[in-house]
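Asks: Quick one: dock chain against chain with the hints and give me the complex.
Protein chains in written order, with full-length UniProt numbering: chain A, 1 to 220; chain B, 1 to 842.
Keep in mind that the hints were calculated from the coordinates and are not lab data. Take these hints with a grain of salt, some might be off.
Computed footprint of chain A on chain B, listed as stretches where at least three residues anywhere in the stretch have a Cβ under 8 Å from a Cβ of chain A [to be verified]:
1) 166-176
2) 242-251
3) 664-676
DSS-like, lysine-lysine: derived pairs with alpha carbons at most 30 Å apart [as the list claims (entries may be wrong)]:
4) B:Lys-162 / A:Lys-10
5) A:Lys-10 / B:Lys-188
6) A:Lys-14 / B:Lys-153
7) B:Lys-162 / A:Lys-14
8) A:Lys-192 / B:Lys-457
9) B:Lys-235 / B:Lys-181
10) A:Lys-10 / B:Lys-181
11) A:Lys-10 / B:Lys-153
12) B:Lys-569 / B:Lys-625
13) B:Lys-235 / A:Lys-216
14) B:Lys-298 / B:Lys-235
15) A:Lys-14 / B:Lys-188
16) B:Lys-181 / A:Lys-14
17) B:Lys-162 / A:Lys-216
Quick reminder that beta carbons are idealized off the backbone N, C-alpha and C, glycines included.
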Amino acid sequence: MSVSLDIRLKRANKVYHEGERVSGVLLVNSRDALQHQGVSLSLEGLVNLQLSSKSVGVFEAFYNSVKPQKSKLQPNPVEFSITPETLQNVRERSSLPRFLIRGHLDATSCAVTQPLTGELVLESSEVAIKSIELQLVRVETCGCAEGYARDATEIQNIQIAEGDVCRGLSIPIYMVFPRLFTCPTLETTNFKVEFEVNIVIILQDDHLITENFPLKLVRV
Amino acid sequence: LKTKYSKARRGGRKGSTSSSSSSSSSVVLDPLSSMLDGSDPLSLFAAVSQTPELGRKRREKEEEVGSDFEPWSSKRGEILSRFTTTEKLSINLFMGSDKTSSPSSAVSEKVRTRLEELDDLEEGSQREIWSMCADPHPLPESFSADDVNDTAKETCLNWFFKIASIRELVPRLYVEAALLKCNRFLTKSGIQETLQRLTAMIRGIGDPLVAVYARAYLCRVGMEVAPHLKDSLNKNFFDLLATFRQIHGESVQNQLAQQRVEIPIYLTLYSPAIHWILQCVAYRAPEVLLTEMMDRCKKLGNNALLLNSVMWAFRAEFVAMRATDFIGMIKDCDEAGFPKHLLFASLGRSLSCADPPESERLSILNDAWKVITKVRSPRDYINCAEIWVEFTCRHFTKREVNTILADIIKHMTPDRAFEDAYPQLQSVIKKILPHFHDFSVLFSMEKFLPFLDMFQKDSVRVEVCKSIMEVFIKHQQEATRDPVILNALLHICKTMHDSVNALTLDDEKRSLSLLINGFIRMVSFGRDFEQQLSFCVEARATFCNLEPVIIHLIHTVNQLAMETRCVMKGNHSRKTAAFVRACAAYSFITIPSLTSIFNRLNLYLLSGEVALANQCLSQADAFLKTAVSLLPEVPRTISIEGKQRSSEPFLLDFINNFLSTLLVVPDHPEQGVLYLVRGLLNMVQDYTWEDNSDAKIRVYISALPLLAAMSQESYLYTIPKVDSNETLYGGDPKFIAEINKLCETLIGQVLDHLKGLGRDEGVRRQGSLAFSLFGCLLAHGDLRNNKLNQLAVNLWNLSHKHGFCDTRTSVRTLEYIKHQAQLADLSHLSDMTARLSLQSRT
Chain A
1 MSVSLDIRLK RANKVYHEGE RVSGVLLVNS RDALQHQGVS LSLEGLVNLQ LSSKSVGVFE
61 AFYNSVKPQK SKLQPNPVEF SITPETLQNV RERSSLPRFL IRGHLDATSC AVTQPLTGEL
121 VLESSEVAIK SIELQLVRVE TCGCAEGYAR DATEIQNIQI AEGDVCRGLS IPIYMVFPRL
181 FTCPTLETTN FKVEFEVNIV IILQDDHLIT ENFPLKLVRV
Chain B
1 LKTKYSKARR GGRKGSTSSS SSSSSSVVLD PLSSMLDGSD PLSLFAAVSQ TPELGRKRRE
61 KEEEVGSDFE PWSSKRGEIL SRFTTTEKLS INLFMGSDKT SSPSSAVSEK VRTRLEELDD
121 LEEGSQREIW SMCADPHPLP ESFSADDVND TAKETCLNWF FKIASIRELV PRLYVEAALL
181 KCNRFLTKSG IQETLQRLTA MIRGIGDPLV AVYARAYLCR VGMEVAPHLK DSLNKNFFDL
241 LATFRQIHGE SVQNQLAQQR VEIPIYLTLY SPAIHWILQC VAYRAPEVLL TEMMDRCKKL
301 GNNALLLNSV MWAFRAEFVA MRATDFIGMI KDCDEAGFPK HLLFASLGRS LSCADPPESE
361 RLSILNDAWK VITKVRSPRD YINCAEIWVE FTCRHFTKRE VNTILADIIK HMTPDRAFED
421 AYPQLQSVIK KILPHFHDFS VLFSMEKFLP FLDMFQKDSV RVEVCKSIME VFIKHQQEAT
481 RDPVILNALL HICKTMHDSV NALTLDDEKR SLSLLINGFI RMVSFGRDFE QQLSFCVEAR
541 ATFCNLEPVI IHLIHTVNQL AMETRCVMKG NHSRKTAAFV RACAAYSFIT IPSLTSIFNR
601 LNLYLLSGEV ALANQCLSQA DAFLKTAVSL LPEVPRTISI EGKQRSSEPF LLDFINNFLS
661 TLLVVPDHPE QGVLYLVRGL LNMVQDYTWE DNSDAKIRVY ISALPLLAAM SQESYLYTIP
721 KVDSNETLYG GDPKFIAEIN KLCETLIGQV LDHLKGLGRD EGVRRQGSLA FSLFGCLLAH
781 GDLRNNKLNQ LAVNLWNLSH KHGFCDTRTS VRTLEYIKHQ AQLADLSHLS DMTARLSLQS
841 RT
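Next comes chain B alone, as it looks inside the complex (with noise of 0.2 Å):
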């Protein structure tokens, strides 16, 4: 043996330790300077990935890991997360050890080489391979080494050669590790012999943190490729714990004084890396494993830091079934070492999932709050605080949240701390929730309501009281007047409330909308409707910026009005009759600050027809006459849903529906004779109607069947306790004689406007609105009266003049005349039906 001891100058890398050797040298080749031709087994491989077979295999190896697995791509966001705001973690520890150079460039230079040594592909060399095969077919789904063909094979090793010719350590076990899956174009066993290869490699690792990342890079690609090899995984767990003493060893400590960083710091960065180990350890793995795991790590002195990776790795029910043991050992851990706020967060991450004994429970509860309550800085105290509020909700009471509640509110309101942890706060809402869903227990607790006040940034308190709101009304099964909730929720819902402004989006307000009207919509005050009243008074005055609240609140109080009438069987007592008119007056006063006015016309109509029903004459009187009156300030347009449309077709069918209820409203006695009607009719005159549009003209039309039932001795449908026309006026000749003179008029108008559509355009207008009188005539008209009989044969024959009838109708409504005129009274059909002749099809 020649053993030599020397000292060398350490510039350069390459030769610089032969110059140390006895014998001569001469400068070194670098092997990988002229390297071998043949394409590289990445593209290779790339080229077969394309072909489906091996998609579906891959889907086939997933199946060896369940969806119960958390892959790394989940962790990388947290982990990222957690560990890229703090400026300290930028230190680059594993050159630390190189006191000379700057660290950073040290690596960038490396990598530097080592990427342009392994760039060496050559142009053409891909196509050279393929031209060589015989058959370049896809490789089989799940193909082996002896499907390969020899000239891939060759390319795949000549890589491994030029990779196993890298320098150093790390680079070298990266790559290999990374194309650890390549294995397979060579031996059936490769990958498993390389797996263990690389996990012994790892122990050439001095800097034990960046072992522990290559252990953990291992393991990844390891569960990734050959999720059955448990035996590696295990192996670089054994292999960690036996390098574990390094932490605390003269090397890393002389670093982290040199670099100032705390050993409670410096020992979180371990975390992620052994998590990740241990959730692949752990992974199906059988109790006994874990069992001996855990004794393994208990053996070890100062062992936080597992304990930490046990409890965030292993089973839930594992750790809650062992929870008063793990509280145990995290008392006897070091206080100066790994921070022990995480190692409570940790266990209650576990306990939040899974439960542990029910014996155990409180002093569970107690030793960790014990130790949580004592946390300094705010932000450990609160993320580990959070964590622990699952467990409390779902084992204890509303005693032992809220006194959690007021623990976290001490600590967070000095210097306001609660403006940086609004995320962590708003979770401890989310889950409390879930488990109060009687919203009088939840809100009987003393210090959730100081809790919200925490809120104070605008958009997070709207946030959370919305989300206090839905699970309100997914819950709540029964309307409540209990005090305590709806002065809680009347707070909870005028703070979002309060939040509307200007630039609130309209969906927004729409979804606040929603969650306030399911609050109302869950008061009820039973029989006491006083009281609901004056609820509603109250939420007038609260969500007054809401349209969709104040629209919701008034058909509340028309239903409340509805409601006393059915109490009372129609029969209204003074008191009642007093409320009923309040009712009126609360609609009365509530629709004019509504901006829609198709909203207010509709409710006008709905509140006078509320009113009627209830006796309350000349409230209804009110409605109707500020309905008609409002008419002119309808818009030809209006904005629905962002476009402009025509308001036509929404006036008429307003009109339609509005012409129908008159028919039961008795006329004003200091009013002249259907003055309603009539002022309706001058409205509809008066308004300034689109160009070229028939809409008036239909109103005419929709009016006379209307003006036909009010001539009838007895009307087709009454209101109970409500005398209307029919009654007042008892068949009175003069009253009929005015209905006449107002049919008069209105043909008289129809008839004109048919005169000025016959030229042009106009004829197809003119025929469908000619056939619209001639129904509305032979519906309500009475035909005996030989001019009316006369007036419709003519508005018939002028329909089919131009040929723009629908035959069909016509076909139709003929035979139904043929069918009325078989009817004993109605035999002078028949004579019509002679005269009504079918357009000629030419």
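Chain A extracted, bound-state conformation (with noise of 0.2 Å):
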């Protein structure tokens, strides 16, 4: 005896906010007669963190870490200006080529059906650029009284720039947040999701240059 159960929602876009109804129809499907004692519906929430088999180690590491902190959104919009001085995991900058980059990005706080915007100027650099890249991370953190653990995850990569580009003309920063992948910004006593953006400029050396944003995510 086949059956099959389909369960077909009557917005087509999935999505429902507080207080809203789902509504739809069940499609059973049988080749002969189906006996059963009523259907019933049931909604489930589930939160689970996987854990890669590459970031094992990561996670024993932040394994009795210290509580989340609340983290500060950046004001809106946010300027932003990249050279050699604002670099943190550099020793000896005197070594480094000369490069300026700015630009600003119109909102950290977003809401999750709109683009990411901004702009990106390059307003010099010695070397040549390779490519620039938007780069969207999760970060996962999850914990009890023993400890916290937390996981990053890039859930997106954009180039917005491939090649050497034109030297002091904006580049668009624009990137749409993927469906399956974000959510608003969660944040429990146990359990908290947010996003980061990372501004990615490849250099013709395969030097990166990475700059942070962490974004607030909601839903209008």
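Replies: As structure tokens, this is what we get:
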């Protein structure tokens, strides 16, 4: 006896807001007569931290770390300027090529249905540019009394410039948030989902310059 | 802010950047790998576009872009033909910055991955979406986003989400541009917003050549989908200007050095794209905008590339009005950059369809030609020179055109460079011809014929000769005797004639003959008939392989004889008599060279008639005698337009025509009475006619009216100043007796034949022949003669015996006879009518 059940929701985009009714039909397909004790519908929310093989060690390292802090959002909009001097993890700045990258994000508090926008200008660079990318990272933090685990995942990477772009010309920053991998920023006692965007500038010699911006996503 | 600088090995793209991030990262989940359900907007769109409404919509859209806008499809061929010939152009510049990996493989791998990701079409999803639509009706003609149902919108949106997550910039850009029109499903302003966004997005493309083609494509899609959105077009152009300095920047220069591409060649690669963008921008643009754009171009240093496209894409009138300005700008351009001859070529293109101010024309030509004549490469030279021929022809005289022809010859002769430039050289001729309808001017150009000598490949040379002859035939108003024209055209026609060989197709021969005949028709030496005849003699020798030309020449000479007769009002002087005999001699020796037997027969007859009209009795006799002696050679079948046909109807026609001429031909004094008639009938008797054919008998019946006419006291028609048999014999009873004897013989033959047809299948033919003979006797015989009268009645009855007669013809004939019988001297016919019975209808 083969039976198939198909839940068909009336709303095409399957997005529901608080207080709204979820309605639709249940399609039961069976070749023979089907006996049942009534059909009941239940909705269950589930949060699952999946550990990838790659981050197993990392997870251990973060286990028992400090409690999550409340992250502060950048004021809207946010301007940025990147030069060798703004780099954090470099010891000998004199060996670095000179460059100046300026730009802004229109907002770091974004509606999840609206794209992330902004502009970036490569004012000058001694070394040729190979690529400029936007990297969207999801940071999940999960914890209890014993400690907290934090896991960051790249969920989307969008190239906004390819090759040695024209100096002094503003390049649009534009990224649509992927529907399946983003949600409003969520903060509870034991569980937190946050998002960040990195602007990654790859130089011709494969050096990377990364600028990180925490985002707050909301559903309007 | 956390700003980081780090060195990373960039092997596989996925997740590599995140490894440098301070926070730990897990394996990146590919958002495309677990795709949403739903069908794609492409097939949805395709399904919709099958309805006729959308087709009409498309036509409406096109109206915004008029037919004066040269579409991309027509540009494409031109561009491909220009850019696919040179091997050097196969470089993959857009991947050139990637030194380590082999460019081509990287591209194909990328493309394949992307295609795999996009090719995520689930079977049945299309069906599913329709089943969810309550009312799967096609969208109205000019649908808006409001008309699209939620499911379709959702599917469309889903695809846009997929596309938005394509990692690489260039592929994402192209897919978005290609699907620009699909934004119509979602929002009203979607197309406009996307167009603006994509225009800005192209700024991210570092390689200027890749960027310019992306812009060209976006403009193309924009013109197709939303031609009214001019802003994006302009923005694309201004962005292009802003990034122009990149071409001379370090990155590009290094790349070129590495690829060993020369700057001028590299720069020309930009032209098709910039041409196109400018064409879109300039289309129906106000003068102010064009002027502004030109000024912006001027401000950019070393702007030859742009300048070239401006001249190419802007309205020709706009360019022509400022031609002197443009020449100034061209002169200012850097010698090492964009090739100057291309700039002059572009200017020449504009000037060949729009006119600069009159006072500037000569200096424009001089300035341009100064540069063009210095171009070393014959290929570059001719491409440019060919364009300027039009301008020169439009505004200047044969002197200037001649100078240019001389210059072209000078450039193209060394090393037989012309061999590679036939299309351009042909084009030069095609441009000159419409401006020189006066061929005496054309051929008085010293260099015109030497120019033609450069066409040394047979097929091309004949093609050129034909085009010249076509123009001549079309535009030469009056016949000419100008020796310059005659010599040149004879030379050209001879070239065409000499190209004929055993392999030449009939159609080609026909068209060549037509052109040569057109030439011969336009040659006239006025009253100098002898000169005309000697021209025909020369032409015959020159064009001996084209039969239609030979035939035409014979007609020309016959006409010449008749014109002479006309001028002399029929009274030839000793001199003109000799001349018309010369004409006859011309025809007599020319006709045998023709292969078609009916052409020969008809021309012998015609020439005989002309000779007779000109009182050349022995010549006429010779023509007709030759025609008769030719009859046995007529084959039973002849080929007409490739099909084998019986020659019988043609032969009968000819003989009847011949017989009617014989009435006026006097007997030869040294030959017997009616010797031509007898000779003809003998030939007819001996000819091998088709089996079961009545043709011979029909000829016999046709001969009877001739004989009847010959026995009259005064003939129905005669030729002035030629004594026919009526005068020669003066109704001599011996002559009449001869005729009677001949008639009896013929009738006897017919009757014998009729007897033979009495059986079986023959009765229908018997009836028809009997009726023919009856009709002949009725019209031409003296029915007061009892014997003849009886014969006629018998024939009538015989023809009605088997009921195959056409009743209407019989009735009408009978009525005619009754009518005739009422005339005074034909009363004997009334007797006869009583004896003629109509066939009974059983």
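Asks: The structure should be examined with respect to each hint, and the outcome stated for every one.
Replies: Structure-based check of all given hints:
no., hint, result
1, 166-176, "holds (count 5)"
2, 242-251, "holds (count 7)"
3, 664-676, "violated (count 0)"
4, B:Lys-162 / A:Lys-10, "holds, 23 Å"
5, A:Lys-10 / B:Lys-188, "holds, 25 Å"
6, A:Lys-14 / B:Lys-153, "holds, 13 Å"
7, B:Lys-162 / A:Lys-14, "holds, 17 Å"
8, A:Lys-192 / B:Lys-457, "violated, 84 Å"
9, B:Lys-235 / B:Lys-181, "holds, 20 Å"
10, A:Lys-10 / B:Lys-181, "holds, 28 Å"
11, A:Lys-10 / B:Lys-153, "holds, 14 Å"
12, B:Lys-569 / B:Lys-625, "holds, 28 Å"
13, B:Lys-235 / A:Lys-216, "violated, 33 Å"
14, B:Lys-298 / B:Lys-235, "holds, 18 Å"
15, A:Lys-14 / B:Lys-188, "holds, 23 Å"
16, B:Lys-181 / A:Lys-14, "holds, 25 Å"
17, B:Lys-162 / A:Lys-216, "holds, 23 Å"
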